[in-house]
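A.B. asks: Mind docking chains B and C on chain A? Use the hints.
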Amino acid sequence: MSFTDISTTELLAPVPQPGEELPVQLGISPYRLAFRRLRRKPLALVAGAFFVAIVVCCLCAPLYARYVAHTGPDENHISETVVVDGHRHDVVSLIGIPIGPTWHSRFLLGADFNGRDVAVRLLYGGRNSLEIGFCAMAITMVVAILVALFAGYYRGWVDSVLVRLLDVIWAYPAILLGVAIGTSLTLGGISLGPVKLSSGSLFIPALIIGFVNIPYVAKPIRGQVIALREKEFVDAARTLDAGGLRIMFTEILPNLSSTIVVFVPLMIANSILLEAGLSYLGAGVQPPNPSWGTMISDGVTLITSSPHLVLAPGLMLVLTVLSINIFGEGIRDALDPRATTRIKRK
Amino acid sequence: MTRFVVRRSLQALIVLALVSVFTFLIFQVIPNGSPAARMAGRTASPAQIAAIARSWGFNRPIYIQYLHMMDKIFTGSVISYSQQINVLDQIKRGLPATISLAAGAGVIWLALGILIGLLSAIRPGRLLDNTLGFLALTSISAPVFVIGAVLLYALAYRTSVLPSGGYVPLTDNPWQWFEHMLLPWVSLSLPFIGFYSRVLRGNILDAKHEDYVRMARAKGLSGRRVLTRHVLRNSLIPIMALWGLDFAGVVGGGAILIESIFDLNGVGQYAAESIKTLDVPPIMVIVMYTAVLVVVVAALVDILYAYLDPRISLND
Amino acid sequence: MSGAGHLLQVEDLSVSFETEGGTVHAVDAVSFVADAGEILCVVGESGSGKSVMTSSLIGLTRAENATISGRATFDGVELVGAPERTLERIRGAQVALIPQDPMSALDPVLRIGHQIAEQIRVHTSVSRRAAEEQAVALMERVGIPQARTRSRAFVHEFSGGMRQRIMIAMALSCRPKLIVADEPTTALDVTIQAQILHELAGLCHETGTALILVTHDFGVVAELADRVIVMYGGRIVEQAAVAELFDDPQHPYTWGLLGSVPRVDRPRAKRLPTISGAPPSLIRPPAGCHFAPRCPHAFERCGEVPPLAAHSRERPEHRDRCWLDVAEKRRRRVVGGDIGLAGGKETIVA
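Protein chains in written order, with our numbering: chain A, 1 to 346; chain B, 1 to 316; chain C, 1 to 350.
By construction, these hints were calculated from the structure, which means they are not laboratory data. Even glycine gets a Cβ: it sits at the ideal position worked out from N, Cα and C. Treat the hints with caution; some may be incorrect.
Said to hold, decoys possible - Straight line, CA to CA, 27 Å or less: simulated DSSO-like cross-link-like pairs of lysine-lysine:
#1 208(B) x 41(A)
#2 72(B) x 219(A)
#3 72(B) x 276(B)
As the list claims (entries may be wrong) - Reference listing, derived: stretches of chain C covered by chain B, where coverage requires no fewer than 3 residues with Cβ under 8 Å from a Cβ of chain B:
#4 99-113
#5 210-223
What the hints assert, rightly or not - Below, a sample of chain B positions facing chain A; criterion: calculated Cβ distance under 7 Å:
#6 15
#7 22
#8 143
#9 153
Only chain A is shown next, with the shape it has when bound in the complex (with noise of 0.2 Å):
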C-alpha cells in the first residue's frame, strides 16, 4: 500500500534504450537480500562474532584447564599457595576469604570459596550454559512448530485441544514451573516408560527450560499458520490431492522460515538466562557441574570480599546473552519484509 513500495526487480532492472526489447526480469530471494541487509550493519556483525567466540572458548575449556591454569574445574586448592609475581598468597585465606584475580595463568580470575580456579570453572560452566541453551532452543523449537502446524492447520478439536494445554503452561510464570519441574525432578531424576534420567544429567534443565518456552513459540506461530492457511496457494495444493500432512510441510512451513529464522536467537538467549535463574536457585544444574548461574549463587555470599565471585559469571551471562540479542535484533531487521524500500536518513 506504501507508494514507496518498489518490487526487489526494480533494483536490479537495466536502463532500457528506445525500441529495445524489454528483458525478463527474475527476482532476488528475500534471503538473499536479507543476507546483503545484514552485511551492513556492523553491529550485529560484530556482535555474532563475539558471541561465536565466547562459544568457541567455552568448547575449549579443556584446553584452557590443562594447559593454561594446570587445574580441573572440580579441584579444590583450598589449602594450598600460590606464588604471583614473587609473593605467596594463600589460595583462600585463613578466615575463608578466597584470592582475587592474579592476572596470571593460574587462578587468572581469582579462586572460589573452595580454592577452585574460577576462570576454569567459567569456561566449564559456560560450556554447561551454552550446551542447556542450545539443546533447551532446539527442544522448544521443535515441539512449539509442530504444535502450531497441527493445531493452525488442522483447527477444530485439534486446535481446541492443543490450545487449552498450551494456556495451561503459559499459566505458570516460567521461572516458578522450572522451579516445580526443576525441584520434582532432581530428587529422583526422570523415570517415564523407556526415558530415564538420573538427577544429574545436564539434559534435565534442558528439557524443563526447553518445555517451559513451547507456547512463547507456539501461539505465534500457530498465528500465522492459520493466516497461511487461507492463502491461494494452499487451495492450490489441496486441488492437487495434496494431504495435509504434505501441506504443512512443503508449503506452510517453508513460509514459516523466517520467523523461526528470528525466534532461534532469542530462544537461545531466553534459555541461557532461564537456566541461569534456575541455577542460582538450585533448581537446575546441579552440583558438582559448574553452571553461571550456581556461580553466582555460590559467590553472593561473599559478595562483600569477593565481588569477582559474583563479577565474572555475571559479565560473562550479560556480554553472552547481550551479543546474541543484538546480533538476532539485527537478523530480525534484515528480514523484515517492509524494508523492502528502506528510508534512507538525509
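C.D. replies: Chains B and C in isolation, oriented as in the chain A frame:
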C-alpha cells in the same frame, strides 16, 4: 460482548481444571521415587512417611490422590512436614512484602516503559532512539539477580547508601519501607522497562504507518492530535494486556529471584528456600496459586482487551 | 494556460524519494489546473505516479526522505513548502481526501460517528454533541440507513460500499472546495462501483465541489469526467477535455489504453490487445520519453524528453507529450476507428 465474556470465562475454567491436574502430575506422577518420601523431606522417619502416605492417599488410586491434593490445597491445610508449619499461613506472612514489591515495581516499569518507548518512537533511528534501544537490549540481557547483586554491591555494601536487604512493613516505618524497597523495585523493573519500551516503540512505529493514521492527517489533524487520539490508543492496548499478566506473575511469586537476593521474605523467597531444602509442599501450593491467579487475570485482561478493541470479540 | 481564477494550479510539481536502492522519481514536472465545480479524472496504470501526485498536493508525502519541488496553488495559497499548520487548516476543510481502501482508512477502535465528528471539530468550533449530530445528518445524506444507530458502530461492522459512503460523508463534512478521490472504488465489489461513483459525482455537482478522481477505469472517465489527465512513468502524457480524448487521442500510450478496453459494440475480439513490456523503473527511468521502450512508433528523437504541448492551435487545452507530428499520429492510429499499437496493423479482429 456478553457471549464473549461467557465463552472466555468457560475457557478459563477449563484451563484452571487442567492446571490443577498438571500441578498434580508434576509433583506426584512424573518423578521417580515415593511421593510420600518426597513430601516428607530429607529428615523424615519411616513412621512419618507412612503417616503422610495415609493422609495424602498415596496408596489409593490416582484420582483419589488428586482429590486429596486439591482438597488440601484449597482448604489451606497443606503442611510443610520438614518445617512443621502450615504452608498457607507462611504464605500469608510473606504476602505484604511480595505485594509491595509487585505494586511498586509494576508502577515504575509501566510508567518508565511507556515513557522510554514514546521517546524512542518520536524520532526513530536517531541517536536517542539508538541509545535507548541499546540500553533496553542490555537490560533485557542481564539476569535479574545479577542486576540486583551488582546494585546491592555498589549501593549497599560498598557505599551504604541503601540498606542491604530485608523488609520493613509499610505500617511500621514508611520511610524505611521505601528505602528497603527501592533497590528491589529498580532491579525488578529494569528488564521489564527494557522489554516494554521496545514493544511500545514497535507498536507506535507500526501504527504510524497505518492507513488510518495517514487518513487522520488528511482530515487535518495535527501531528500531536494524531499521536494522542489514534496512535497511542492503538499502541497502548497491547501494553496494558502484557502488564496485567506480568503483574500477576510477580504477585504470585514470579519475583523469586529478586526476593532471594534482597532477602525480602516474601512468597517468592519462601519458594526459593523450599527449593534449597527440597521441601515440596510449599512449592506445590505457591505454584498452584500463582497459576490460578495468572489464569484469572489473563481472562480479565482478554475481556478488557475485547472491550477496548472491538475487533476482538468478533474474531474468536 | 488561460488566465486567472483556477481553483488549483499545479506547475512543474516533482516528487522524489531517497531509498536504499536509489532516488525514486515518482512525479516528474507535472503541470495542470482544476477549476471550481469540474470533475477531473487522472488515469494511469500502477506506478504511474498518480497516487503520489494527489497525496503530495496536500503534503501527505512529507516524509523525511521526500523531496517536493514546483508549485501548487490552491485558492491563492501556495501548498508546496507551506508550513505544516497551513496545510493542516486546508486538509479536510478545503481539500478533502477519499482514500482507496476505506477499511484501513478508519481507526478500528473508534466509533464511526466519532471519527466523522472529529474532522468537523478540528475545523469548526462546534460542541461534541453538535458535531455528532452533523455526522448523523451526513451519514443520512450519503444513504446509510438507520444513521443514528449506525453512527455508534465500528468500521468492521459495515460492508465495503457503506464504508466508502462513510468516507464520502467525511469528505463532504466541512464543505470543501475540492475533493481528491484516489481510486475510491477499487476495493469495492464490481456491482456497486458504478453506483458509488455516480453518487459521488452527483453530490459534487450538487454542492459545486470540484473533484479530482484518480481511476484506471475508462468507462468511469467517459461517463463522469469533464477533463482527463493521462499519466505514465511519473509524467503527464496527455490531457484534454473528455470528448476530445476519446475522439482524437494524441499519445500512443492513450491509444494503447483505449484499445485495451473491451468493446461491447463490436464483434468479440480473438484477443484483447495489450501494451507489451512493463512500466519503467522510477529509479533509473529511460532517458527521454518514458514510454519509448514500449512504443512501437518510437524513433531517434524520442531519446529527448518531449514537452507537454498542444498539437493544434484551435484546441490549446489538448496537450500531449509526443514528438510525432499530427499527420504522423493520424496515420499510425489505425484507420477504421480501432486504436491499436502494432505499428498500424489492426489488432482487433472483426
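A.B. asks: Sort out which numbered hints this structure fails and list those numbers smallest first.
C.D. replies: 2 and 5
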